[in-house]
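**Student:** Could you put the whole structure together from the sequences, leaning on the hints where they help?
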Amino acid sequence: MTAIDTDAPNLQYSGRTPYVSYTDADVLAGLIHPQTDEPLEVTFIVATQIMELHFQLLIHDLRGAIAALHADDLPEAGAAIARVVATQKSLVSSWQLLAPMSAVQYNRFRASLGKASGFQSFAYRELEFLLGAKNERMLAPHSGMPVVAATLQRAYDEASVYDAAIALLGRRGLPVPAGLLSRDVRQAHTESDPGLVEAWRLVYAGEDELTALADALTAVAEQHSTWRFVHYTAVMRILGAKPGTGGSAGLAWLKRSVDTPVFVELWEVRSVL
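In my numbering, the protein residues as written are 163 to 435.
These are calculated hints, taken from the structure and not from any lab test. One or more of the hints may lead you astray.
Stated by the list, open to error - Straight-line alpha carbon distances no greater than 20 Å define the calculated DMTMM-like cross-link-like pairs of lysine to aspartate or glutamate that follow: (1) K251 / E200; (2) K417 / D377; (3) K251 / D377; (4) K251 / E353; (5) K277 / E214; (6) K417 / E384.
Stated by the list, open to error - Computed beta-carbon distance windows for the label pairs: (7) A302 / G177: 37 to 47 Å; (8) E371 / A302: 39 to 49 Å; (9) R418 / R334: 55 to 65 Å; (10) S252 / Y184: 14 to 24 Å; (11) I212 / G332: 34 to 44 Å; (12) G368 / S279: 25 to 35 Å; (13) A367 / A191: 47 to 57 Å; (14) G306 / A396: 48 to 58 Å.
Treat the numbers as computed from the prediction; the structure is a model and nothing was measured. Cβ coordinates follow ideal geometry from the N, Cα and C atoms, glycine included.
**Tutor:** Right, dumping it as structure tokens:
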């Protein structure tokens, strides 16, 4: 007589298991479609898809942080931003999947990309908009996808997480320049404003929950700069100075983003603390 293992999990299911139903693991497994025999093409596809999932998670938590900042809920904003930083670190580490790929191996399947390029990622574009890296021209590639276009337009039109933080400082009585509080949030804020640097200096003099917010946002900016730099060096190692598959200038296009950090005053304030 066979003993009954009372500790064994249920092994009988009709159709998809609950795990597969919850995670859509079968859908994910069906999304890998290499077009060449080069083994590294599978790695490239999976790494790219992993990055796209990270972008979606970052968007989710950045939108939560923005909503919390608008509501003056600093504990919730801080928790959301902490999740953002943790996801950013994981995102940066995903480049390690491509570390074994040589330029020769990449060239074996590069033609299969056609005109596909990372700058066409609508999730990454929304992420950049939520961080304040606004560029109206980057809405154009997605005009043929109405739902995506509407989502990106919303992110472009609304306040970034940095705009939301600046507005909160103003409501808390910090001397944020009036022009920054009334600025067109559709325009990228790339030039440091001395008045806002002073407001952040006063935040750091206070050593309170606003100081924690400043440090959390600085961590977001640091990780985003790290992501951009690692992307740049990965392309330099694999592609060199060749034009990008999507028609961009490749390295030169990426270098411009590396040289343009987000949340500029939070970097400048270090010099006056």
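**Student:** All the hints need checking, so say for each whether the structure fits it.
**Tutor:** For each hint, the structure was consulted:
Between K251 and E200 the alpha-carbon distance is near 29 Å, which puts this suggested pair outside the 20 Å criterion. For the suggested pair K417 and D377, the alpha carbons sit about 26 Å apart, so the restraint of at most 20 Å is broken. The hinted pair formed by K251 and D377 meets the criterion: a straight-line CA distance of about 16 Å does not exceed 20 Å. Between K251 and E353, the direct Cα distance comes to roughly 27 Å. Violation of the 20 Å bound is thereby established for this hinted pair.
In summary, the hint linking K277 to E214 is supported, as the alpha carbons are separated by about 18 Å, within the 20 Å threshold. With a C-alpha separation of about 16 Å, the suggested pair K417 and E384 falls inside the 20 Å cut-off, and the hint holds. Distance hint for A302 and G177: a CB-CB separation of about 43 Å, consistent with the stated range 37 to 47 Å. About 40 Å separates the C-beta atoms of E371 and A302, a value consistent with the hinted range of 39 to 49 Å.
At roughly 34 Å, the beta carbons of R418 and R334 sit outside the given window of 55 to 65 Å. At roughly 21 Å, the beta-carbon separation of S252 and Y184 lies within the given 14 to 24 Å, and the hint holds. Checked against the hint of 34 to 44 Å, the C-beta distance between I212 and G332 comes to roughly 39 Å, which is consistent with it. Separation of G368 from S279 is about 45 Å and departs from the stated range, judged on CB atoms against 25 to 35 Å.
About 54 Å separates the C-beta atoms of A367 and A191, a value consistent with the hinted range of 47 to 57 Å. Taking the beta carbon of each, G306 and A396 are about 29 Å apart, not inside 48 to 58 Å as hinted.
Hint check: violations occur at hints 1, 2, 4, 9, 12, 14; the rest are consistent with the structure.
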